[in-house]
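Student: Here are the chains, one letter per residue:
2 protein chains.
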Amino acid sequence: MAEVARAAHVSLQTVSNALNAPERVRADTLARVLAAIDKLGYQPNQVARSLRTRRTRHIGYRLDPDRSDTASVLQDRFLHALTTAAESAGHRVLLFSSGGISAELTCYEDMLRTGSVDGFVLSGIDPGDPRPAWLAERGAAFACFGRPDPDSNYLWVDVDGAAGTQAAVDHLVAAGHREIGFLGWSSTSGPGEQRRRGWLRALQRHGLRPDHHITALDTLQDGTRAALELLGRAPTITAIVAASDTFALGCYAAARSVGREIGRELAVIGVDDSPTASLVTPALTSVRQPLEEVAKEVMSLLVAKLKDQRVQHNGIVLAPSLMIRESA
Amino acid sequence: MAEVARAAHVSLQTVSNALNAPERVRADTLARVLAAIDKLGYQPNQVARSLRTRRTRHIGYRLDPDRSDTASVLQDRFLHALTTAAESAGHRVLLFSSGGISAELTCYEDMLRTGSVDGFVLSGIDPGDPRPAWLAERGAAFACFGRPDPDSNYLWVDVDGAAGTQAAVDHLVAAGHREIGFLGWSSTSGPGEQRRRGWLRALQRHGLRPDHHITALDTLQDGTRAALELLGRAPTITAIVAASDTFALGCYAAARSVGREIGRELAVIGVDDSPTASLVTPALTSVRQPLEEVAKEVMSLLVAKLKDQRVQHNGIVLAPSLMIRESA
Chain A
1 MAEVARAAHV SLQTVSNALN APERVRADTL ARVLAAIDKL GYQPNQVARS
51 LRTRRTRHIG YRLDPDRSDT ASVLQDRFLH ALTTAAESAG HRVLLFSSGG
101 ISAELTCYED MLRTGSVDGF VLSGIDPGDP RPAWLAERGA AFACFGRPDP
151 DSNYLWVDVD GAAGTQAAVD HLVAAGHREI GFLGWSSTSG PGEQRRRGWL
201 RALQRHGLRP DHHITALDTL QDGTRAALEL LGRAPTITAI VAASDTFALG
251 CYAAARSVGR EIGRELAVIG VDDSPTASLV TPALTSVRQP LEEVAKEVMS
301 LLVAKLKDQR VQHNGIVLAP SLMIRESA
Chain B
1 MAEVARAAHV SLQTVSNALN APERVRADTL ARVLAAIDKL GYQPNQVARS
51 LRTRRTRHIG YRLDPDRSDT ASVLQDRFLH ALTTAAESAG HRVLLFSSGG
101 ISAELTCYED MLRTGSVDGF VLSGIDPGDP RPAWLAERGA AFACFGRPDP
151 DSNYLWVDVD GAAGTQAAVD HLVAAGHREI GFLGWSSTSG PGEQRRRGWL
201 RALQRHGLRP DHHITALDTL QDGTRAALEL LGRAPTITAI VAASDTFALG
251 CYAAARSVGR EIGRELAVIG VDDSPTASLV TPALTSVRQP LEEVAKEVMS
301 LLVAKLKDQR VQHNGIVLAP SLMIRESA
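One line per chain: the protein sequences are A and B, in this order. Numbered per the UniProt record's numbering, the first sequence spans residues 1 to 328. Numbered per the UniProt record's numbering, the second sequence spans residues 1 to 328.
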């Protein structure tokens, strides 16, 4: 900076203003400083700048352990979208991983104390999650993908899970299906419950009975077992809405073992639109979350928070879309 | 630091030594300084520390644009492994994304100039890649996943792609197959060529003729088309080794349309062990790359470089393994 100041015949403060508050510098002076910066190839050191501004322009994001399953793939799609959205907002994503929740809080604490990031993006948040309150108590800036405690004023973006399974039922009813089963998780809150409720409400709206549903653990094996049980109990159902693509593929395996052809003799719709959905035969119809839009909205909430700007709504709900393929 | 120095009745330099070179501090003095640090809850600011040490402990990694396909999923599995390996070595991963190669070089340049990272991990490197030479010219520390120019002395870790398809052929021959086709990319270098060569050499070793092979673009549609053509041209083949899981699933679609049952009437082996492999029915036998080990070795090469330590070998080749499921 001193070299730039000498070359442009200005003070150090003027160089600093040219970089950080150009509106305070006279146009001809600014042009001279910028020419000197250009000629000398001066580039502010990001670390020195961070120390001065107390801004790193880094956003902390926790990468869940790799589970090599659909949920992990979904998270990765979100991370891609977040990296792009963060860059558009002038930030970069700093990753960390941790085992359990207490290790995660230790990571947050460490990153806050050492000033390594400006704020955090959290994902997989539901009303019972302790992380938002923990971060809020420490004055940390953060925004959530998922829905925190409705009584809180945390910033969040979520996808309307009920709208996704409602759209799935509407699509099936339009194709003539009347007995439509549901395969979901046993949880009574969060995304699983939203998805079950969407199926239930849509059936009721169409005057159909929500008689056939079953729960399972989110694995292919347990999903297959549950789908077999559902088909055994209710052989007249012609379609199944599954709460995840993993469950939908469990329906594929179950249909195969009872000799029913997916698409023609049993319609199946999944949720997540994982890469697998378009790779299987027949290709899987699935509910897709608008993760690129989620990432953009999460970043814009977080940036508003970092700039101490008011936001119009502290929570934003986005609609999913149905990717129609061959299975339904 | 000044508060700690006052509380412990020592100089600022002694506090600094206690933190950065404790062996230079007398045991009783060190105990007093550490007690004061503990009592005051002092934590060095990471940014200030980075400015002094010229080390950020951040590793830059480029996240490819999300393509929602097998290759992207494989990269994500590597990123998970890299995040964990970096943390074990005291580093965090700073993500960036960029469109083409020139945008990527601009990102590297920006991160180097601003001192945002200590070094880079590159993935998807093959001999013709311009990135390693570009970074080396600028004195940047980096390590590659993939094989750079063999005449260079860059640091790299790669997986022996030929060994994977050789293991696939050995497995098929042991099960009685004699006519084994290959579905690969049309590239004549890099991973695609390694995989083709492994298939070729294994057949020759078993005294079998490598007559039936075909190339395609790495999409499900083109893989399906090529598999159909291969099965049409050579209806006597009983097994196909596919250069990717996407191609293997193209074989599933092709087999279905000609009425051959995968596993019983046509054996198929893929490469990548994507999440899809274990979700499809029948489950796909696939070659798995040891990405956790790759990430560990890449990080240890990079850390050695950052510490100016000599490494025993500048290139490390790891062996893949065959995940045997139902399709072969």
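Warning: the hint list may mix true and false statements.
When chains are identical, the list treats them as one kind, so a pair holds in a single copy or across two.
Unchecked claim - Okay, derived cross-link-like pairs now, DSBU-like style, lysine-lysine, Cα gap no bigger than 35 Å in a straight line:
1) 296 <-> 307
2) 307 <-> 39
3) 305 <-> 39
Derived by calculation from the structure, the hints in this document are not laboratory data.
Student: All hints are to be evaluated individually against the structure, with a verdict given for each.
Tutor: How the hints compare with the structure:
1. 296 <-> 307: Answer is within; shortest intra-copy Cα gap is 16 Å, inter-copy 39 Å.
2. 307 <-> 39: Both. Shortest intra-copy (33 Å) and inter-copy (33 Å) distances satisfy the 35 Å Cα cut-off.
3. 305 <-> 39: Answer is between; shortest inter-copy Cα gap is 32 Å, intra-copy 37 Å.
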